[in-house]
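Number of protein chains: 2
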Amino acid sequence: MASSMGTLDRSVVERIVRQVAQEYLGNGKKSAAPTLVVQASSRHMHVCRADMDILFGPGTELTIDRPLHQDGFYAAKEMVTIVGPRSRIISNLRILGPMRPQSQVELAFTDAIMLGFQDIPVRISGDIAGTPGAVIVGPKGVVEMKEGLIRAAIHVHMGPGDAAYYGVTKGDRMKLRIGGEAGLTFNNVHVRIDPKSKLNVHMDTDEANACGLHLTKDIELLK
Amino acid sequence: MASSMGTLDRSVVERIVRQVAQEYLGNGKKSAAPTLVVQASSRHMHVCRADMDILFGPGTELTIDRPLHQDGFYAAKEMVTIVGPRSRIISNLRILGPMRPQSQVELAFTDAIMLGFQDIPVRISGDIAGTPGAVIVGPKGVVEMKEGLIRAAIHVHMGPGDAAYYGVTKGDRMKLRIGGEAGLTFNNVHVRIDPKSKLNVHMDTDEANACGLHLTKDIELLK
Numbered sequence: 001m002a003s004s005m006g007t008l009d010r011s012v013v014e015r016i017v018r019q020v021a022q023e024y025l026g027n028g029k030k031s032a033a034p035t036l037v038v039q040a041s042s043r044h045m046h047v048c049r050a051d052m053d054i055l056f057g058p059g060t061e062l063t064i065d066r067p068l069h070q071d072g073f074y075a076a077k078e079m080v081t082i083v084g085p086r087s088r089i090i091s092n093l094r095i096l097g098p099m100r101p102q103s104q105v106e107l108a109f110t111d112a113i114m115l116g117f118q119d120i121p122v123r124i125s126g127d128i129a130g131t132p133g134a135v136i137v138g139p140k141g142v143v144e145m146k147e148g149l150i151r152a153a154i155h156v157h158m159g160p161g162d163a164a165y166y167g168v169t170k171g172d173r174m175k176l177r178i179g180g181e182a183g184l185t186f187n188n189v190h191v192r193i194d195p196k197s198k199l200n201v202h203m204d205t206d207e208a209n210a211c212g213l214h215l216t217k218d219i220e221l222l223k
Numbered sequence: 001m002a003s004s005m006g007t008l009d010r011s012v013v014e015r016i017v018r019q020v021a022q023e024y025l026g027n028g029k030k031s032a033a034p035t036l037v038v039q040a041s042s043r044h045m046h047v048c049r050a051d052m053d054i055l056f057g058p059g060t061e062l063t064i065d066r067p068l069h070q071d072g073f074y075a076a077k078e079m080v081t082i083v084g085p086r087s088r089i090i091s092n093l094r095i096l097g098p099m100r101p102q103s104q105v106e107l108a109f110t111d112a113i114m115l116g117f118q119d120i121p122v123r124i125s126g127d128i129a130g131t132p133g134a135v136i137v138g139p140k141g142v143v144e145m146k147e148g149l150i151r152a153a154i155h156v157h158m159g160p161g162d163a164a165y166y167g168v169t170k171g172d173r174m175k176l177r178i179g180g181e182a183g184l185t186f187n188n189v190h191v192r193i194d195p196k197s198k199l200n201v202h203m204d205t206d207e208a209n210a211c212g213l214h215l216t217k218d219i220e221l222l223k
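So the protein lines, in turn, are chains A and W.
Each residue of the first sequence is one higher than the one before, counting from 1 in the working numbering.
Each residue of the second sequence is one higher than the one before, counting from 1 in the working numbering.
Some clues are possibly wrong.
No copy is singled out in the list; a pair is fine if it fits within one copy or between any two copies.
Unchecked claim - Below, simulated DSS-like cross-link-like pairs (lysine-lysine); rule was C-alpha separation at most 27 Å, straight line:
| # | residue 1 | residue 2 |
| --- | --- | --- |
| 1 | K196 | K170 |
| 2 | K198 | K223 |
| 3 | K170 | K223 |
For the record, the hints were derived by calculation from the structure and aren't laboratory data.
Note that the coordinates shown come from a computational prediction; the quantities given were computed from them, not determined experimentally.
Full structure from sequences and hints, please.
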């Protein structure tokens, strides 16, 4: 190779350098799209330290059942029962770890209807002010959540490099096109950026079932 | 009116005739969009005469519980229980009338999962060849359906006038944009044309819950 270097035209070298630089900086149209993982989140709970103490006993910790796609997050072995209006229940509600400052329950709308709720608000995780509450039953005690029931808005986790690639910033909305027989395009995918995040869309089970997420690999994230 | 006819300018008459013609022919950009009714269909069954005889007794007829939006169709008082793989059941499965040449069960994918199916195919109503079957239990007998379980593809019923307005023909796919916080666009809405049909989109409960159909009036049917 070295012996042939002298024969390369200057414009060819420039083009190669430009392509490589584009790939590194993520600005170029020709750089490969980042790998996109799209997942359905089943109903689950996030639990705070105080509620963990009540539900599972003082000082107890969550135990890892299965790691999630994002580093450091996991489905815990611990599960609870949620009691909705008119005493309808869903048992085996999985807790996701690690613990958080505030307890929160994420349900698909179908789950909420099953529990007897007329409606639950579509919110970004953590934004629970004014949302409905519910009674949570654990093996060691009962917590009456005053608020914290949400239907999680469809969202995409990404790192700063992914954000640069797509040209988006925190709080932007993107589109996610799902192909196939039940194909549809989600028009309000919230962008969440964190240096530790892998590119990853989370939707709920209603959304996954509506679009037949299991049926297709023809998926595209669009600005 | 007749006495003032003589005073109308020829151009005014021409404009009126053109507008009326456009409305009748549905070709004019200025004709008002037809009224669109979008509805979620809960899981239900269509029953044939032979199965009706077994499930509810020889010669029995369906009784109207509530008329549906399309003239001549209704939710019947009659309900059955469906038994899926691994003996999981859904009871109170509503029958829609009138009777049809073939029995058919329409489930949302969430319902199918609840019943223990790995998957059920997305089909247009009536296209049941090669689909899974199930055991149906009625008050007078049990039917083992060999096939007929589908997830109904999202579709729009319309008359020839609506079809002319949108510029579509039978078998075309349209888009249905749902606004609001959980907004999305269905990209494969099957067009079904019948002279007796009112303009009416049918989606299943997964689709309605995913898009928050109850949350918005910002809905648009697009070619």
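*27 Å Cα cut-off: does K170 pair with K223 within a copy, between copies, both or neither?*
within (13 Å within a copy, 33 Å between copies)
*asked:* Treating 27 Å as the Cα threshold, decide for K196 and K170: within, between, both or neither.
replied: Answer is within: at 14 Å inside a copy they meet the 27 Å cutoff, but 50 Å across does not.
*Can you tell me if K198 and K223 fall within 27 Å by alpha carbon in one copy, between copies, both or neither?*
within (18 Å within a copy, 36 Å between copies)
Checked against the numbered hints above, the structure violates none of them.
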